Amino acid sequence: MNGVHDLGGMQGFGPVVTEAAEPPFHAPWEGRVLGLQRAILYTRAWNIDVFRHAQEQLPGATYLTVSYYHRWLLGLTRTALERGLVTQEELDAGHAQGEVRPLQRTLGLRDVEAAYIRGPFGRTPPAGAAFAPGDRVRTRNLHPLGHTRLPRYARDKIGTVERVLGCHVFPDAASAGRGDDPQWLYAVAFRGEDLWGDDGDPGIVVSIDAFEPYLEPA
Amino acid sequence: MSDDHHHDHHHDHDHDGASHLSDIQARVRALETVLTEKGYVDPAVIDNIVEHFETRVGPHVGARIVARAWVDPAFKAALLADATAAIRDSGEFGPLGDHLIALENTSGQHNMVVCTLCSCYPWDVLGLPPVWYKSAPYRSRVVMNPRSVLADFGVSLPEATRIRVWDSTAETRYLVIPERPAGTEGWSEERLAALVNRDSMIGTGLATLPVGEAA
Numbered sequence: 001m002n003g004v005h006d007l008g009g010m011q012g013f014g015p016v017v018t019e020a021a022e023p024p025f026h027a028p029w030e031g032r033v034l035g036l037q038r039a040i041l042y043t044r045a046w047n048i049d050v051f052r053h054a055q056e057q058l059p060g061a062t063y064l065t066v067s068y069y070h071r072w073l074l075g076l077t078r079t080a081l082e083r084g085l086v087t088q089e090e091l092d093a094g095h096a097q098g099e100v101r102p103l104q105r106t107l108g109l110r111d112v113e114a115a116y117i118r119g120p121f122g123r124t125p126p127a128g129a130a131f132a133p134g135d136r137v138r139t140r141n142l143h144p145l146g147h148t149r150l151p152r153y154a155r156d157k158i159g160t161v162e163r164v165l166g167c168h169v170f171p172d173a174a175s176a177g178r179g180d181d182p183q184w185l186y187a188v189a190f191r192g193e194d195l196w197g198d199d200g201d202p203g204i205v206v207s208i209d210a211f212e213p214y215l216e217p218a
Numbered sequence: 001m002s003d004d005h006h007h008d009h010h011h012d013h014d015h016d017g018a019s020h021l022s023d024i025q026a027r028v029r030a031l032e033t034v035l036t037e038k039g040y041v042d043p044a045v046i047d048n049i050v051e052h053f054e055t056r057v058g059p060h061v062g063a064r065i066v067a068r069a070w071v072d073p074a075f076k077a078a079l080l081a082d083a084t085a086a087i088r089d090s091g092e093f094g095p096l097g098d099h100l101i102a103l104e105n106t107s108g109q110h111n112m113v114v115c116t117l118c119s120c121y122p123w124d125v126l127g128l129p130p131v132w133y134k135s136a137p138y139r140s141r142v143v144m145n146p147r148s149v150l151a152d153f154g155v156s157l158p159e160a161t162r163i164r165v166w167d168s169t170a171e172t173r174y175l176v177i178p179e180r181p182a183g184t185e186g187w188s189e190e191r192l193a194a195l196v197n198r199d200s201m202i203g204t205g206l207a208t209l210p211v212g213e214a215a
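Heads up: the protein sequence lines correspond to chains A and B, in order.
Residues in the first sequence are numbered consecutively from 1, following the numbering used here.
Residues in the second sequence are numbered consecutively from 1, following the numbering used here.
The hints are simulated quantities; they were obtained by calculation from the structure and are not laboratory data.
Here the structure is a predicted model, which is why all the values come from computation and not from measurement.
Virtual Cβ for every residue (Gly too), placed ideally from N, Cα, C.
Among the hints, erroneous ones may be present.
Chain A is nowhere near these chain B residues, computed Cβ spacing over 10 Å in every case [what the hints assert, rightly or not]:
#	residue
1	H60
2	R68
3	V71
4	F75
5	A85
6	S90
7	F93
8	T106
9	S156
10	R180
11	G186
12	S188
13	E189
14	T208
15	V211
Partial pick of chain B residues on the chain A-facing surface, computed with a CB cut under 7 Å [said to hold, decoys possible]:
#	residue
16	A30
17	A44
18	F53
19	G97
20	D98
21	T116
22	L117
23	D124
24	P130
25	A136
26	P137
27	S140
28	R164
29	W166
30	D167
31	E171
Where chain B lies over chain A, by a calculated footprint (3+ residues, C-beta under 8 Å) [said to hold, decoys possible]:
#	stretch
32	2 to 9
33	19 to 31
34	42 to 55
35	110 to 122
36	194 to 200
Bound conformation, chain A alone (with noise of 0.2 Å):
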């Protein structure tokens, strides 16, 4: 979706500002969200790409105005809500009223390591890959109201083919709960001035990692 999280290009936010010797949490409420997420991943209750689009979805001056985990939060809650885990009743309360719902597996103390990283996201191909290294493509010029990986500065632009990542997840079907639908990922690079004219700065490459769907043959 064209939403507020989509920021490559957008102007006007002033300087980045760093933080000296900052710590992992500036509070210890950021670290129990983090650990919710994890631990509620492990459930496959849903899926990275559906909690990303459940921060995507917030209220745009909500989106760019709280702070990173209040995001985490908000998404988790939303997503919780939606999904039937908690209901707006217990939240209120601050204990299990209802139902609980089977999930297919929860994390316990033994298997924590699996809660450390990430996926694994590569998925076995369907088919060949269609593009090669040096091939060059035209991003599509799509605008789902769904999630998608491929930001707007980089669409109906001409590329190259850097690499082949690999066949992975592909999150616009993920998001969805139209499962994996495994796709060929590649690294497309642009030049600078193919996405920004004139106004970006002079001889500069950006790629973006690409799945197959976004990509026409150039």
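Could you slot chain B onto chain A? The hints should help.
Frame of chain A; chain B shown alone:
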């Protein structure tokens, strides 16, 4: 759900009033309690995950990988060919997810990494991303005017250096191998690793000798 509280940007945790902080803490506690009482999560598991990301992963992991690449040409070649395999095969750098790609900075090309759509970042080797990496200013501008972003970090590169920006729009993760500072010939891996800061492995900084350090 609605969010009708006022927040400022990434420093809300520092500057929001106590009432707001207690409100969000209460909401997190309520969510965790309900999920726990229903048997979906185990608070001891959450404790363990938090401890992992607070204490075990961080830029020190990536710094050791970079230092190894600087002193061991075979490791560097393996890292550039398949970073996931090279790091896993070494068995020295902790748990690692799939699809890590190492990018080598040279005098001709400087690599920078971003996720314009969310916050994708190589957690396993750099730890949790800093707030600025996830912020609108960085995500919006680095794909269009990376030199102005570098200026925000006090970094200026020669005009002839090509800037290559990698937008992590899928589950691939990118680690920049900064250039080894001149004058460090013969240094130990441990001493070299101390020169490798987090920003140099994202591409917003350089690995540099401390001011006054004899080369």
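Here's how the hints hold up against the structure:
1. Consistency note on H60 (chain B): stated as away from chain A, and its beta-carbon is indeed over 10 Å from all of that chain's, at 13 Å minimum.
2. Non-interface status of R68 (chain B) relative to chain A is upheld: no Cβ of that chain comes within 10 Å, the nearest being about 20 Å off.
3. No Cβ of chain A comes within 10 Å of the Cβ of V71 (chain B); the nearest lies about 27 Å off, and the non-interface call holds.
4. Listed as a non-interface residue, F75 (chain B) keeps its Cβ farther than 10 Å from every Cβ of chain A; the least gap is roughly 21 Å.
5. Non-interface call for A85 (chain B) relative to chain A: holds, since the shortest CB-CB distance, roughly 13 Å, exceeds 10 Å.
6. A cut-off of 10 Å between C-beta atoms confirms that S90 (chain B) is not in contact with chain A; the least separation is 16 Å.
7. Non-interface status of F93 (chain B) relative to chain A is upheld: no Cβ of that chain comes within 10 Å, the nearest being about 12 Å off.
8. The Cβ of T106 (chain B) sits about 14 Å from the closest Cβ of chain A, beyond the 10 Å cut-off, so the non-interface label holds.
9. Its beta-carbon lying about 13 Å from the closest one in chain A, S156 (chain B) satisfies the requirement of being farther than 10 Å from that chain.
10. At roughly 23 Å from the closest C-beta of chain A, the C-beta of R180 (chain B) stays outside 10 Å, upholding its exclusion from the interface.
11. At roughly 31 Å, the least C-beta separation between G186 (chain B) and chain A is larger than 10 Å, which holds for a residue marked as non-interface.
12. Look at S188 (chain B): its CB is around 26 Å from the nearest CB on chain A, clear of 10 Å, so calling it non-interface holds up.
13. No beta-carbon of chain A is positioned within 10 Å of the beta-carbon of E189 (chain B); the least distance is around 24 Å.
14. Every Cβ of chain A is farther than 10 Å from the Cβ of T208 (chain B); the closest lies at roughly 16 Å, confirming the non-interface assignment.
15. Under the 10 Å C-beta cut-off, the non-interface status given to V211 (chain B) relative to chain A holds; the minimum distance is some 16 Å.
16. Look at A30 (chain B): its Cβ gets to within about 4 Å of chain A, closer than 7 Å, so that hint holds up.
17. Against a cut-off of 7 Å between C-beta atoms, the interface hint on A44 (chain B) holds, since the closest Cβ of chain A lies about 6 Å away.
18. Checking F53 (chain B) against chain A: minimum C-beta separation of about 6 Å stays under 7 Å; hint holds.
19. Among the interface hints, the one on G97 (chain B) holds; its C-beta lies about 4 Å from the nearest C-beta in chain A, closer than the 7 Å criterion.
20. A least Cβ separation of about 5 Å between D98 (chain B) and chain A falls short of the 7 Å threshold, and the interface hint therefore holds.
21. The closest approach between the C-beta of T116 (chain B) and any C-beta of chain A is roughly 3 Å, which is under the 7 Å cut-off, so the hint is satisfied.
22. With its C-beta approaching chain A no nearer than about 6 Å, L117 (chain B) sits inside the 7 Å limit, and its interface hint holds.
23. Because the closest C-beta pair between D124 (chain B) and chain A is about 6 Å apart, less than 7 Å, the hint holds.
24. Residue-level restraint check for P130 (chain B) holds (minimum Cβ-Cβ distance to chain A is 5 Å; threshold 7 Å).
25. Using the Cβ-Cβ criterion of 7 Å, the hint placing A136 (chain B) at the interface with chain A is satisfied: the shortest such distance is roughly 4 Å.
26. A hinted interface residue such as P137 (chain B) counts as satisfied when its beta carbon comes closer than 7 Å to some beta carbon of chain A; here the least separation is about 4 Å, so the hint holds.
27. The beta carbon of S140 (chain B) is positioned within 7 Å of a beta carbon in chain A (closest approach about 4 Å), and the interface hint is therefore held.
28. Against a cut-off of 7 Å between C-beta atoms, the interface hint on R164 (chain B) holds, since the closest Cβ of chain A lies about 5 Å away.
29. Against a cut-off of 7 Å between C-beta atoms, the interface hint on W166 (chain B) holds, since the closest Cβ of chain A lies about 5 Å away.
30. A cut of 7 Å between beta carbons decides the hint on D167 (chain B): the least distance to chain A is about 5 Å, and the hint holds.
31. Among the interface hints, the one on E171 (chain B) holds; its C-beta lies about 4 Å from the nearest C-beta in chain A, closer than the 7 Å criterion.
32. Here the stretch 2 to 9 of chain A counts 5 residues with a CB under 8 Å from a CB of chain B, which clears the bar of 3, and the coverage holds.
33. With a threshold of 8 Å between beta carbons, the proposed coverage of the stretch 19 to 31 of chain A by chain B holds, since 10 of its residues qualify and at least three are required.
34. For the stretch 42 to 55 of chain A, the stated coverage by chain B holds: 4 residues have a C-beta nearer than 8 Å to a C-beta of that chain, and at least 3 were required.
35. Look at the stretch 110 to 122 of chain A against chain B: 10 of its residues bring a Cβ nearer than 8 Å to a Cβ of that chain, three or more, so the hint holds.
36. Counting residues of the stretch 194 to 200 of chain A whose CB lies closer than 8 Å to any CB of chain B gives 4, which reaches the minimum of 3, so the coverage claim holds.
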